[in-house]
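Enquirer: What follows is each chain in one-letter form.
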Amino acid sequence: MCSLALFPAPLPAGQTTLCESNNELLSGGGSTEDRLKQESSPLSLYFPRESLKLHCRTESSSKAAFLDHSETLWMRSAAAWRDGGLTGLLDEITNSNTEVPKWLSVSSGFTLALIRWFSSFHGSLFPHLTMSSEDMLAEFSQVLNWSDCVVRAFAWHPHADKFALALLDDSIKIYNPKSATTPTLKHRLQKSVAAVQWKPLCASALAVACQNCLLVWHVDPCSLSTRPSSGCAQVLSQPGHSPVTSIAWSPSGSLLVSASPMDTAMMVWDVAAESCVPLQRVGGGGVTFLSWSPDGSHVLASTPSALFRVWETRMWTCERWPCVKGRCQSGCWSPDGSRLLFTVQGEMVIYALTFTDSPAGVPTCTTKGPQAAAVVADLSETTFNTPDGDIMVGGEIQSLAWDPTGERLAVLLKGDSQAADRPAVIAMFKTRTTPVFELLPCGFVQGEAGAEARLIQFHPNFQHGALLTVCWSSGRITHVPFYFLSTSVPHFGLGGSPSLPRPQERPADFNQSLFTELAS
Amino acid sequence: MFSAEQSCWFVRKVICWRAVASIAWAVLLLPPITAVFVILSRFSLLHPIQTVSECLTFLTSASVIFSFILLCGVIIMVGFLNLEYYTVIPTIACSKIALLGQLLHPRHFVNSLAHCIMGIIVAWCCAITIGGRYEAVAYPCTPGDGADSSHQMCLNEYHFILLLAGAFVGLSHSMLGVIYNMNYVPFHTVQQYKYLRFKGSLPMLVKCSATQALYSVRNYIVLYFFLGYIPKAWICKTLNLHLNSSVHPLDSIAGLLDLNLLYQLWVSAGFLLLTWHVTLLLFRIFVTEVYSFAVQSSFTEDAHQCLPKVLTGKQSMILKFLALQDLALLSQHSPLRRVEVFSLSQPGGHPHNWNAISKECLSLLSDLTQRLIAYHDTVATNGRAKSLSTGSERKTSSETSVTSGTDDLMSPRPTFLMKTPASVFARSIVGSPLTAPFTPDLDSPFASPALRRLTAPPDPFSPWSGTVQSPHIMRRVPKLWSTSTDSQVNGSPPASPASVPSPKQEQSKPSLLAQFLQNRKEQVKHFLAKRVLIMYLFNKLPEASSQALFADSQAHIWALEGLSYLVQASFSEDQFGVVQTALPSILSCMLVLQEAVDRHFKLPHASSKPVRSASSLGDSTHKTLRFALRATLKTAIYRITTTFGNHLNAIQMSAEHRKRLQQFLENKE
Chain D
1 MCSLALFPAP
11 LPAGQTTLCE
21 SNNELLSGGG
31 STEDRLKQES
41 SPLSLYFPRE
51 SLKLHCRTES
61 SSKAAFLDHS
71 ETLWMRSAAA
81 WRDGGLTGLL
91 DEITNSNTEV
101 PKWLSVSSGF
111 TLALIRWFSS
121 FHGSLFPHLT
131 MSSEDMLAEF
141 SQVLNWSDCV
151 VRAFAWHPHA
161 DKFALALLDD
171 SIKIYNPKSA
181 TTPTLKHRLQ
191 KSVAAVQWKP
201 LCASALAVAC
211 QNCLLVWHVD
221 PCSLSTRPSS
231 GCAQVLSQPG
241 HSPVTSIAWS
251 PSGSLLVSAS
261 PMDTAMMVWD
271 VAAESCVPLQ
281 RVGGGGVTFL
291 SWSPDGSHVL
301 ASTPSALFRV
311 WETRMWTCER
321 WPCVKGRCQS
331 GCWSPDGSRL
341 LFTVQGEMVI
351 YALTFTDSPA
361 GVPTCTTKGP
371 QAAAVVADLS
381 ETTFNTPDGD
391 IMVGGEIQSL
401 AWDPTGERLA
411 VLLKGDSQAA
421 DRPAVIAMFK
431 TRTTPVFELL
441 PCGFVQGEAG
451 AEARLIQFHP
461 NFQHGALLTV
471 CWSSGRITHV
481 PFYFLSTSVP
491 HFGLGGSPSL
501 PRPQERPADF
511 NQSLFTELAS
Chain L
1 MFSAEQSCWF
11 VRKVICWRAV
21 ASIAWAVLLL
31 PPITAVFVIL
41 SRFSLLHPIQ
51 TVSECLTFLT
61 SASVIFSFIL
71 LCGVIIMVGF
81 LNLEYYTVIP
91 TIACSKIALL
101 GQLLHPRHFV
111 NSLAHCIMGI
121 IVAWCCAITI
131 GGRYEAVAYP
141 CTPGDGADSS
151 HQMCLNEYHF
161 ILLLAGAFVG
171 LSHSMLGVIY
181 NMNYVPFHTV
191 QQYKYLRFKG
201 SLPMLVKCSA
211 TQALYSVRNY
221 IVLYFFLGYI
231 PKAWICKTLN
241 LHLNSSVHPL
251 DSIAGLLDLN
261 LLYQLWVSAG
271 FLLLTWHVTL
281 LLFRIFVTEV
291 YSFAVQSSFT
301 EDAHQCLPKV
311 LTGKQSMILK
321 FLALQDLALL
331 SQHSPLRRVE
341 VFSLSQPGGH
351 PHNWNAISKE
361 CLSLLSDLTQ
371 RLIAYHDTVA
381 TNGRAKSLST
391 GSERKTSSET
401 SVTSGTDDLM
411 SPRPTFLMKT
421 PASVFARSIV
431 GSPLTAPFTP
441 DLDSPFASPA
451 LRRLTAPPDP
461 FSPWSGTVQS
471 PHIMRRVPKL
481 WSTSTDSQVN
491 GSPPASPASV
501 PSPKQEQSKP
511 SLLAQFLQNR
521 KEQVKHFLAK
531 RVLIMYLFNK
541 LPEASSQALF
551 ADSQAHIWAL
561 EGLSYLVQAS
571 FSEDQFGVVQ
581 TALPSILSCM
591 LVLQEAVDRH
601 FKLPHASSKP
611 VRSASSLGDS
621 THKTLRFALR
631 ATLKTAIYRI
641 TTTFGNHLNA
651 IQMSAEHRKR
661 LQQFLENKE
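As given, the protein sequences belong to chains D and L, one line each in that order.
Numbering (UniProt numbering) for the first sequence: 1 to 520.
Numbering (UniProt numbering) for the second sequence: 1 to 669.
Hints are not guaranteed to be accurate.
Listed next, with one range per pair, are the computed distances between beta-carbon atoms [to be verified]:
no. : chain 1 : residue 1 : chain 2 : residue 2 : range
1   : D       : 81        : L       : 87        : 39 to 45 Å
2   : D       : 75        : L       : 35        : 42 to 48 Å
3   : D       : 85        : L       : 262       : 25 to 31 Å
4   : L       : 204       : D       : 81        : 23 to 29 Å
5   : L       : 204       : D       : 46        : 31 to 37 Å
Think of the hints as simulated: they come from the structure by calculation, not from any bench.
Bear in mind that the values here come from a model prediction, so they are computed numbers and not experimental data.
Think of the CB as a built atom: it goes at the ideal place given N, C-alpha and C, for glycine as much as any other residue.
Modelling step: build the complete structure from the supplied sequences, incorporating the hints.
Expert: Written as structure tokens, this is what we have:
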């Protein structure tokens, strides 16, 4: 089995990866001119944690700041019903047993116990249901260590050169290098943003997955306003469908799907009409992560249990894919939508599924999928001998990102939060899809000392190759360009050559492939 | 007639069979629903197992089988009424009085009556099923020894109240159907198999049946409390029954606070509504199922069933909608059928398929554009410039529209599309059902004459019928009418004599008599406008006119999607370049529509969102069609601009359009 051992050794501490040119990852030392060079790019941003005004306490805890004051039982019951629903009401009645008749308090206590027993039984079937919604978001988010992350969500616009990012203080900022204004979006319902995504084929619509609802902002790109009013946001909510952990627009821009681990149904929204169609299947106990294939034909939907589904979007039928070990943590599609790479929690490998289109002549609706997933890369721990000592790299995978040309694959490895010397790293692969699917080692992308990668995303249309945007734990956002000539895009003349001409010969062992279909 | 025969084949061969299949499924679903109802109505908390066994034996008894046959008849009748009354374009009442008119329309009156009678039948079946004190309509007045009593029969009020409840629920169901457009068949953006779609909407169906039953029962109880004695006295008189004075009457507070009675009423109403809603839902699912039309046929006798012919023909709306839906799906999903669209005819080498399809879609879109412009102008002048005489104005506009109708595509470069006024006429006749939703507006005396003219169903014999546009629209269109500030509008040709060089203008001077009548009318209007009730009835509902304007926009949405996907696919799939010739007209048509839609959304109430009604089967998608259209339009233009990119700069178009297009190319819209 191939492994991370084929990778070039990680950089020594203090070195940061700057770019890839001529098949080689170039790094800069911690010297200031390198950093200045990287930071001179207008899109590199830095959000120090101290600059954000955070909510020091949640709303429920503000209760403690007020003096206790006695209300009538009716008032308290009404308040409990409003705040905590049925269980809150029962709890209130049971606790105030001096004021209510004995039979009422006893029976409500009994009912409460019954409800708790039943919900614990349900929770033992699906353990994630017992989590609080913050924990659930942190658990199922694609962002590493979501609850502590300064930048909680990031999205490039699919066509224009701009991006939106959600910060720890529940605000969303939109950066556009061509415009001086950076609109800040705030909304009463915009709490605990788990994901943001721009609507394809539209300049203005931005979908935001929040704790209790979905928001679709319409931010006029020509507007000079820095604080669009909350009237610009459409609120899409459905009872029981919260917290929303993942959203995905269809590449044609017509539909939006949203997922919540608490809701077994996946919602397909017609955003303009604000109507939704729930798609429900037995098993799984919720939906955690969604990914729409770039050609629009399939949607990956993973569940909190060891099962994921691949929906076909024409008639919305699905294939069930039970996993052996854990739930599907992350997944990404090849640009032509024919291949799905995914990772499973608890395993350190990347699997691939290949979807062959139905023959063009047969107008069938269901495409016949593959029978089993193939392992294409093994990312278990590997020790590198470096001058600084042995460095261990590898482990479980947090998220995957495949660049739009289909030539680079970024893998965010979780690392070990306990051990100080095993931070999260980004492993880059070169990929080739024709004639056979291949993964080749490329290298590790590292940030400045002490910064861990939290979130990775590729720029959707970078002209000279691929551009990986990394959000670091320090609150810094950097962009790592990979200069190469794409084989799929025709290049006219010599104008498209990489812009960093530093001819250096690569060692001959370049063609070591981690995985090829021929070999397997 | 050819078209009659054509619509005939589709309705006969497809729609009828779909309706029959939906009714068959509804009948098949009746036994389980009835079983659930029996269990619910006879359930006793103290003897659960006994209840179930009793129910099982009861379900096989003769009376249940008879009532079951009756219920089947009711379901078939409901299915038939669904088929008879369904529509794909919702009727939107623009004022309270128009709504009232709809409710009292003979057609709907017959519908309500039928539902009322069927409600009584279902309630009778329910009474039989519940048994006990609800079972018989009459009982001997003096219990105990029946021998000496002079066969005096008393009215069983429990039975009676149940029957009446059935009638009330049936009536309110059909009334609410009119108010909430329940006969409107919405098409879904998410395609699903019929079974899955039914399964998915079943919980919602049960919930909304139960809540609607609850509300109906509440209203019924209130009504019965106040007016119950009238039907009671009547039925006693007709059937020669007596009222038992020893039994407490039910139209009193004590009588109505019987929990068992309320529960049975609610369960029966819920059962009734559920069976009817299931029938309606199945009908909707079956009718809106995608029908795949052949793009071209090798046999001439099937030629009229092919997509281009079906799209352009003037036939039933459902056929047109299904054809457009099929077009939108084929352009998106099936490359093989797209090849057929782009193909050339074998002898001659003409792209007949593409021409027919693109022409139809473009005419739909420009039709909407003109409607929007006309509406906007009417609204903009409302209250400022009054037209003096509808008749004379009619004349002038018809003259101009006919003379200038040659260039109605608003494209500076004339294309092959619609070169003759004749084609304009033909198109608007096809489109005439599309403007039908305006008709309610006519009831309002406060609608300005211009609006009334606009909303009147185009009469093919009037000289005016060609278009709904006024002369200045024709004049302004090449300028995209955003720059022009002279907002004189169709209402008043004399107001701007210089701008409209109409040859007939001198003859259209209003006579004194007409002016006098006009003044009288104004006075009457003014007088009536002060009365509160009249104002309440006649006041226009906010955003209703906007909804009515976009009532059929599902067709436009599909046309936009179909066109844009086809154009996108043509970038790589169109071997003969047939799409390129139409690209300028497609783009300009979309851009003009975009401008018109943008302008429409600046009107008051146009951009206010309707309240989301949570639990009602009356689909509210028609209320949001204008938002869907706006989003689809933008997406469609972006789809073309992102596919073609800077190649679009090579297309000839007016400077305004180019400017607009540049905004899209720079992602700034």
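Enquirer: Does the Cβ-Cβ separation between residue 204 (chain L) and residue 46 (chain D) fall within 31 to 37 Å?
Expert: Violated: the Cβ-Cβ distance is about 49 Å, outside 31 to 37 Å.
Enquirer: Is 25 to 31 Å respected by the C-beta to C-beta distance linking residue 85 (chain D) and residue 262 (chain L)?
Expert: Because 27 Å falls inside the window, the suggested range holds.
Enquirer: Is 39 to 45 Å respected by the C-beta to C-beta distance linking residue 81 (chain D) and residue 87 (chain L)?
Expert: holds (43 Å)
Enquirer: Against the range 23 to 29 Å, how does the distance between the Cβ atoms of residue 204 (chain L) and residue 81 (chain D) compare: consistent or not?
Expert: holds (25 Å)
Enquirer: Within 42 to 48 Å or not, the Cβ separation of residue 75 (chain D) and residue 35 (chain L)?
Expert: holds (46 Å)
Hint 5 from the earlier list is the only one contradicted by this structure; the remaining hints agree with it.
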